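K.L.:
In order, the protein sequences belong to chains D, V and G. Residue numbering for the first sequence follows the working numbering, starting at 1 and increasing by one per position. Residue numbering for the second sequence follows the working numbering, starting at 506 and increasing by one per position. Residue numbering for the third sequence follows the working numbering, starting at 763 and increasing by one per position.
Derived from the structure by calculation, the hints contain no laboratory data. Note that the structure is a prediction, hence the values are computed from the model and not measured. There may be inaccurate statements among the hints.
Said to hold, decoys possible - Derived lysine to aspartate or glutamate pairs resembling EDC-like cross-links, with alpha carbons at most 20 angstroms apart:
| no. | chain 1 | residue 1 | chain 2 | residue 2 |
| --- | --- | --- | --- | --- |
| 1 | D | Lys369 | V | Asp703 |
| 2 | D | Lys193 | D | Glu219 |
| 3 | G | Lys902 | V | Asp761 |
| 4 | D | Lys369 | D | Glu59 |
| 5 | G | Lys902 | V | Asp679 |
To be verified - Chain G is nowhere near these chain D residues, computed Cβ spacing over 12 angstroms in every case:
| no. | residue |
| --- | --- |
| 6 | Pro160 |
| 7 | Ala162 |
| 8 | Val363 |
| 9 | Val497 |
Even for Gly, the Cβ is constructed at its ideal location relative to N, Cα and C.
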Amino acid sequence: MTATMTPFRRETEVGRDGFGQLLHAEWTKLRTVRGWVRGLGLGAVLMILIGLFGAAAVELPNEASAVPLGPDGEPVRDSFYWVHQSLTGDGSITVAVDSLTQQADTGPGRQDNVTVPWAKAGLMIKESVEPTSSYAAVLATASHGVRMQYDYTHDRAGLPGAVSAAAPRWLRLTRSGNTVTGYNSTDGSHWTKVETVRPATLPATVEVGLFVTSPDHIESAHQSTTSSATAHFGSVGLQDGWQGSGWVPDHVGGGPQSAGESTESAGGFTIRGSGDIAPIVGGIASPGNIVPLGNFLVGTFAGLIAVMVVATTYITAEYRRGLIRTTLTASPRRGRVLAAKAIVLGAVTFVVGLVTAAVVIMVCEPIAKSHGFTMFPVDLWTELRVVVSTGALLAVAAVFALAVGAVLRRSAGAVALVIAAMILPYILATSPVLPAGAGNWLLRVTPAAGFAVHQTVQKYPQVFTYYTPTSGYFPLSPLAGFAVLCGYAVLALGLAVVLLRRRDA
Amino acid sequence: MAALHAEWTKLRTLAGNAWLLLAVVALTVSVSAGVLTVTTCSTGDCGADAARVSLSGIYLGQVAVAILAVLAVGGEYGTGMIRTTLTAIPGRSTILAAKAAVLIAAVLVAGTVAVFGSLLAGWIILPGNGFTEDHGYQMLSLADGPLLRAGIGSVCYLILIALLSLGVATAVRDSAAAIGVVLGLLYLFPIITQMIRDPEWQRHLQQIAPMTAGLAVQATVGLADLPIAPWKGLGVLAAWAVGALLIGGWLLRSRDA
Amino acid sequence: MTIVAHDFPSLLDMEATIEVNGLRKRFGSTVALDGMSFTVRPGQITGFVGPNGAGKSTTMRVILGLDAVDEGAALIGGQPYRSLRRPLSHVGALLDAAALQPSRTARNHLLWLAHSQGMGAGRVEEVIARTGLQSVARRKAGGFSLGMRQRLGLAAALLGDPPVLILDEPFNGLDPEGIVWMRGLLAGLAREGRAVLVSSHFMSEMQDSAGHLVVVGRGRVVADTSVAEVIEAASQGRVTLRTTARSAAMTVLAQAGATVASSDAATLTVSGLSSERIVALLQQNAVPFSEVSVYRASLEEAYMELTRDSVEFSSEGFDAPRVPALNDAANGVANQAAAKGAVR
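In isolation and in its complexed conformation, chain D is listed as follows (with noise of 0.2 angstroms):
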């Protein structure tokens, strides 16, 4: 060996070491290759773009009108025919139920008897003749049995089976200060009590009175018709306070869905009348100018593909390239460099996610009311929720597809793979071609389950509709179905870590 030896003196600075040096590399990576801002600027546009075209697109003729709220802040229905009377303080007031036939449009100018499972006919003590007000009902059903319910969103069985001329129902409603009891029998002396409630709002005079109603006639998902219900009612008791002034027909909702009439004859009543007393849902039952919230968001599943494609190059690119050999150069800790992509694109596509859907919900709001469409009202809460949960969903697919890149070390199958997954599912539940029961288990199992997210409308067993995920209704609570995605982003993640650590650079 000849050479003089100079030992090395370092002449600059060593930067600091830690995660967080990590984490501002990768953001530096993320930032500094237009095609991947490019890509989730034009997620974020097409966002906005189609939640326009789906607020724009259609104007209807008619006045955003407001939607009834019922006393729980819901939107309700609230229209039905009914004799009644105004009656102040305790009392009881009981009657049989012999029949109970409902009737649907199922031509032009044709009438069929049909089965609207939901009709109903029976008591009601109610805060007044206006609709959305407070009430408690007993009252039986085509095809749910006696059932106790009030202030619309509230339902509980009473006797099951149908009523007829050989199996009539009485019902019996109890006031007692703010409470209301509903009682059942099947033959007018052996009592059963169905359930005592406390409506929201119970004036001293109260109106009480025999209703019937009848919603929608569904014949499939795409197609119903109204319908009309016709029960009979046997001699109405009035007792322990109450007394009785003389029964009036009315209709209360108005509209021809409440047309109605009533006949009286030797000791009883003939009541037919038309709509619901229920909360609104979304799908085929729902008034075809409601709109859920979720709906301006459709533009996320565009989103979603542009920060899935963004999210997959941003690894594989480096896989192409060799860069993976310089990253792991610099940062040997694999995991971590990992772990640092993950934070630094699940920030980035959050944000873009959340802000995107702030916008879409600002601007489209307005410009569907102009074009005469009626929000599904929801609270401020709900609100916040489907605008952060969007950036979350795009966040979480977002490390989905990382992970799934870093696993396969190919973009084009990655890619293809985890769009797949994602929106394949969905669509394929929504078609005709799968059943429902499949398209429902799809949602659950596969990363298409954290659609769920932007359900908006709560399900209601009290009204019959196809809760479908077109008109908001998903298989999985919000918090579950995200739940299934990051499952899949973490068992994913967990495959690329291990075999991240395990192959040669």
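Fit chains V and G to the given chain D structure using the hints.
P.N.:
Structure of chains V and G alone, referenced to chain D:
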């Protein structure tokens, strides 16, 4: 002819392509079989279209076709091999045509197997699920005109998806972005259509959507209610494919490699 | 060799060495590394040469913790690479100049690397200046020529001001001016006391710049010695003679016990006799000659002889015979050189 031979050799010698063609068959048949298994018909006139149900695997099978077609050019841009290709055969339209021809041949074979396999699965599974003469269904038979049309149309559909993907990939030059664009075109239309509240708009969207219109060729019942007639719908997809190829070809000619 | 567990030695006084110890690695049935061992010392350029497939790149990837080995270990200043904190401050590497995101600018490429080591944009500007990239730093790296990519790769390697540098084929794609520049830069880095490991196919470059040479073939070290010794071993005892009387000279020298080969019409290569003895013999026998010089092999020649039996893809066939009879002499040289390396 030399270009055709060269492209055929490229397709043949890349192991991934054989797997993708196999995936076209496997994905199509397995998804079809899965959907068939869960589809039952317990009453007369249950509204299900036996051909559509049997061929539902195309929804997923087309993804593998898209990957195959996108990689035919995207893969070359990714590795820089496109320059070698363009040096060997300078006529750029010739290259695109040769690639298209080779893809058509490959997808024709894989697609035919996939469609035949799916129909076979339907033939085996459907009668057990209530698709019987009592409920107004006949055994699937290729002698049946509409079913034959659905089968041949589905193969054509896959071929057109390959051409659409080829055109998009040539225009975009990046495999990942091209897959995103293709699957976006296919999948976004039906989702947006569902959200539009106006039946007129829905019909228009269904008429121009490449997947919805293209798959109208699978319909064998309720033809009167289709937003677009079967062959006409396939024509819409063909228009998309030709448009993508023209744009791709124009960009290929006018751009530096 | 024992592995000393250092308690995070101060980066300022870090020992600038690479120790490669008994690396073995298989890819399926192919043996990529077959007991690769050598040490790279500070203060000089160590040339890392060998035919394609000899295991140079794999060894470099193993040193950098990118590839795992079945056996053996590689240490940087006594530590395995994966245990290093701020690794770019310990080792700078240029493996593949094409490993760039094409749409990212050169400056931004260096910037994310700097950020990963907790360094700022200031250091980026310094290495840009040192590698002469100022005018193109804000251009997309995808449009760079191979020469510019090499400069950018070198800039990345220098970012952490590391005591150890590992460069795979840094001369590839450089223009003559760039080669001179690179040679000067590497020499300067070595002078600063850094350990510089450079693989190259350009033997002339190695001959001029490398002080030490590690020659590998078939996954193992064939020779590990100084460049001067390799050349000496390859040229040992040979004398070049220019004469117009070839046959006379051959007869005279052969009678004296020398081995004589004719290179061309006027030149003979003589081994077995010193140049003084040759001059004396020719003068005694009145054989005319115009020049007698001690033969000095080029590194290229020496390398070809050293690696002749290690070439994986020779023109004669996929797997060339290991020791062709013709190459006995060359093998002798190789064995000598290897023996020397082992003694050191």
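K.L.:
With reference to the structure, classify each hint as holding or not holding.
P.N.:
Consistency of the hints with the structure:
1. D:Lys369 x V:Asp703: At roughly 15 angstroms apart (the allowed maximum being 20 angstroms), Asp703 of chain V and Lys369 of chain D satisfy the hint.
2. D:Lys193 x D:Glu219: Not OK: Lys193 of chain D and Glu219 of chain D at ~35 angstroms, beyond 20 angstroms, violated.
3. G:Lys902 x V:Asp761: Measuring from Cα to Cα gives roughly 16 angstroms; hence the hint holds.
4. D:Lys369 x D:Glu59: Given pair Lys369 of chain D, Glu59 of chain D holds - Cα atoms ~10 angstroms apart, limit 20 angstroms.
5. G:Lys902 x V:Asp679: Given pair Lys902 of chain G, Asp679 of chain V holds - Cα atoms ~17 angstroms apart, limit 20 angstroms.
6. Pro160: Label holds. Min Cβ-Cβ 68 angstroms, cutoff 12 angstroms.
7. Ala162: holds (70 angstroms)
8. Val363: Fine: 32 angstroms to the nearest Cβ keeps Val363 of chain D off the interface.
9. Val497: Given a closest Cβ separation of 15 angstroms, the condition holds.
Taken one by one, the earlier hints fail for this structure only at number 2.
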